[in-house]
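There are 2 protein chains.
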Amino acid sequence: MSKYWSKMAKRTDPYVPGEQIDQKGIIKLNTNENPYPPSPHAVDAIRLEMDRKLQQYPSPTMDSLRDTIAGYHQLRKENVFVGNGSDEVLGFSFMAFFDQDKRIRFPAVTYSFYPAYAKLFGIPYEEIPLARDFSLPIEAFFQSDGGVIFPNPNAPTSVYLELEYVIEVIENNPDQVVIIDEAYIDFAGASAATLIDAYDNLLVVQTMSKSRSLAGMRIGFALGNSDLIKGLTRVKNSFNSYTMDRLAIAGAEAAINDHTYFLQTTKKIIQTREQVISRLKENGFTVLPSQANFVFASHYKLKANWLYERLKENHVLVRYFDKNPIKNYLRITIGTDEDMDTFFKRLNTVIAEQTVSF
Amino acid sequence: MSKYWSKMAKRTDPYVPGEQIDQKGIIKLNTNENPYPPSPHAVDAIRLEMDRKLQQYPSPTMDSLRDTIAGYHQLRKENVFVGNGSDEVLGFSFMAFFDQDKRIRFPAVTYSFYPAYAKLFGIPYEEIPLARDFSLPIEAFFQSDGGVIFPNPNAPTSVYLELEYVIEVIENNPDQVVIIDEAYIDFAGASAATLIDAYDNLLVVQTMSKSRSLAGMRIGFALGNSDLIKGLTRVKNSFNSYTMDRLAIAGAEAAINDHTYFLQTTKKIIQTREQVISRLKENGFTVLPSQANFVFASHYKLKANWLYERLKENHVLVRYFDKNPIKNYLRITIGTDEDMDTFFKRLNTVIAEQTVSF
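If you read the protein sequences in the order shown, they are chains A and B. The numbering of the first sequence is the UniProt record's numbering, which starts it at 1 and goes up by one. The numbering of the second sequence is the UniProt record's numbering, which starts it at 1 and goes up by one.
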């Protein structure tokens with residue numbers, strides 16, 4: 001701690017992202033990236049934008065991109081806020097809708113960035129334990145003091161909550177904002193985006209880092225009532241007028257417009273996921289019912305931490321969280337079929353070694 | 001105001017950026033962009049990076065870019081923080097070094113984002129009036145309660161403060177952070193970056209939006225003692241792990257490395273600036289001594305607001321601030337020689353019309 005740090009810098013407990021190792025031969029299944037490249041139309045749009053004026057600021061209002069996202073979700077531009085990855089959009093949401101004197105609620109097992117935002121901004125929070133089957137106990141989110149946030153599907157569990165239950169949480173928090181963090185929704189069931197017109201207190205946050213293959217370009221967005229979007233915009237315009245660069249804006253718009261490619265790649269990932277789940281079960285794993293581009297799995301005998309380390313030595317990166325009640329689980333991103341074949345080959349080597357050493 | 005907004009969203013008073021009009025035939029001299037394109041090497045580096053994996057997250061630590069910036073300034077990577085434009089870097093700096101119970105100081109005429117950050121984060125502030133010649137009265141910044149921030153050269157005045165006076169401000173605030181916002185330093189005299197090793201409480205913020213022609217790519221950075229950089233990094237990692245996308249990182253690094261192009265374009269802008277100052281004076285303007293890529297000018301007879309409006313009708317955008325004591329000044333960005341010829345032609349038309357109408 002330095003004497004020059006503010007109270008905010010001192011009290012915060014930063015998020016630790018998954019390892020970003022760029023090494024040939026490594027199978028990277030640890031940060032839920034899409035194994036397929038972005039839409040060729042997105043790449044073309046970025047190339048085209050490069051020939052325009054990179055020396056000039058981007059649009060501060062990003063109207064064209066917001067129009068495109070609104071069209072896709074059958075909403076209006078006024079219902080759309082865009083930003084530098086859904087992490088930034090979530091950060092602005094904590095600033096715009098949560099307060100230092102009212103406790104918010106989120107699941108005890110969830111995206112570990114939520115407590116980091118809360119500590120940074122001094123927002124008190126209550127962590128709601130999951131049910132034994134890792135589902136969300138929805139009644140525990142009713143009548144919150146300061147608001148609610150949870151991912152759907154939840155991370156790192158991959159478990160999806162049906163929309164009828166999401167609605168119950170929204171309806172039972174009429175005076176608070178309920179944020180549904182839908183980073184993985186395109187691999188799951190219905191999105192709460194269809195509820196925007198019905199509920200003034202609902203904010204839906206999505207990202208183009210997963211289903212749109214643009215993690216490297218940092219694009220996220222929020223959908224909500226125009227008053228919520230105005231609140232987010234006030235905060236953003238008090239922090240950074242231009243949060244997305246020209247190339248990210250151009251790529252994002254083209255990615256949304258290429259619906260065919262999006263359907264193709266998400267469908268393929270879902271197919272691979274179902275095969276991976278079967279194969280993991282054959283190899284002695286319990287796997288939670290996944291509706292994401294990753295699975296959450298626990299071996300009946302081998303410790304998750306040990307598996308994580310041994311897989312890493314064998315050039316396979318998965319994610320491990322040293323925290324109860326998930327310390328015996330691994331989060332494994334769905335790669336290409338080829339990636340997953342290599343994963344299982346190396347996993348089998350690791351498991352075989354262990355059997356020999358008994 | 002919505003009942004769903006936080007206290008933060010309610011109390012803030014957002015910054016209003018200059019108009020971003022993308023229209024053929026318009027001469028855009030209102031947001032201090034560089035009239036020249038970025039270094040061809042930067043453009044090549046972006047193209048090259050596009051062929052790598054846009055579906056994977058960028059580096060969260062941005063080591064390679066930080067190394068490059070450090071090398072340029074004869075510092076170490078641990079002295080460098082990079083972010084999504086210097087606006088974001090300044091926002092994180094307000095969070096990391098200023099507090100809600102200690103009053104900070106900045107000039108009364110300055111970058112109008114400072115009060116926006118302060119209101120957003122509830123940081124009390126004192127606005128120090130400029131001297132009659134628009135210079136900074138440095139003693140008024142000594143022994144501040146909570147810290148000091150000012151641009152050097154100042155904006156929108158374009159006036160530069162010699163380093164010996166900057167040092168006095170730093171030395172007379174030993175227990176507070178002094179932030180020197182050097183957005184325009186490459187068009188001016190010596191940078192305070194050379195003082196980093198000598199003063200633990202100094203943070204220097206720079207941008208690639210002006211002298212590096214990359215406004216459209218959103219790249220800024222801070223230089224300081226490693227403890228200050230750690231504080232900034234803690235705050236950033238509690239808000240957004242990946243603030244710069246892959247293409248911005250690649251372009252920034254190559255732009256720093258192309259020193260020849262940088263010297264060429266900044267030298268050219270300074271030459272044009274000196275000619276513009278002479279011509280403005282010939283046309284009845286008082287012009288402050290500029291060390292930026294813009295000038296701040298007041299006509300002896302014609303009101304600045306009227307000139308701003310009439311120039312806009314004639315497809316020339318400059319910036320006007322309706323605020324004392326600068327309400328009779330225009331801020332005019334330095335374009336190419338050709339841009340400035342057109343500017344003077346249209347300015348002369350406007351002035352001639354006015355004379356006729358008398």
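None of these hints come from the bench; they were simulated from the model. Mixed in with the good hints, there may be bad ones.
When chains are identical, the list treats them as one kind, so a pair holds in a single copy or across two.
[What the hints assert, rightly or not] When the alpha-carbon atoms are kept at most 27 angstroms apart in a straight line, the in silico DSSO-like pairs for lysine-lysine are as follows:
#1 Lys3 with Lys230
#2 Lys119 with Lys301
#3 Lys230 with Lys267
#4 Lys7 with Lys268
#5 Lys102 with Lys10
#6 Lys301 with Lys312
None of the values given here were measured: they were computed from a predicted structure.
Results of checking the hints against the structure:
no.: 1; hint: Lys3 with Lys230; verdict: between (37 angstroms within a copy, 12 angstroms between copies)
no.: 2; hint: Lys119 with Lys301; verdict: neither (37 angstroms within a copy, 55 angstroms between copies)
no.: 3; hint: Lys230 with Lys267; verdict: neither (35 angstroms within a copy, 42 angstroms between copies)
no.: 4; hint: Lys7 with Lys268; verdict: neither (47 angstroms within a copy, 45 angstroms between copies)
no.: 5; hint: Lys102 with Lys10; verdict: both (21 angstroms within a copy, 16 angstroms between copies)
no.: 6; hint: Lys301 with Lys312; verdict: within (19 angstroms within a copy, 74 angstroms between copies)
Hint check: violations occur at hints 2, 3, 4; the rest are consistent with the structure.
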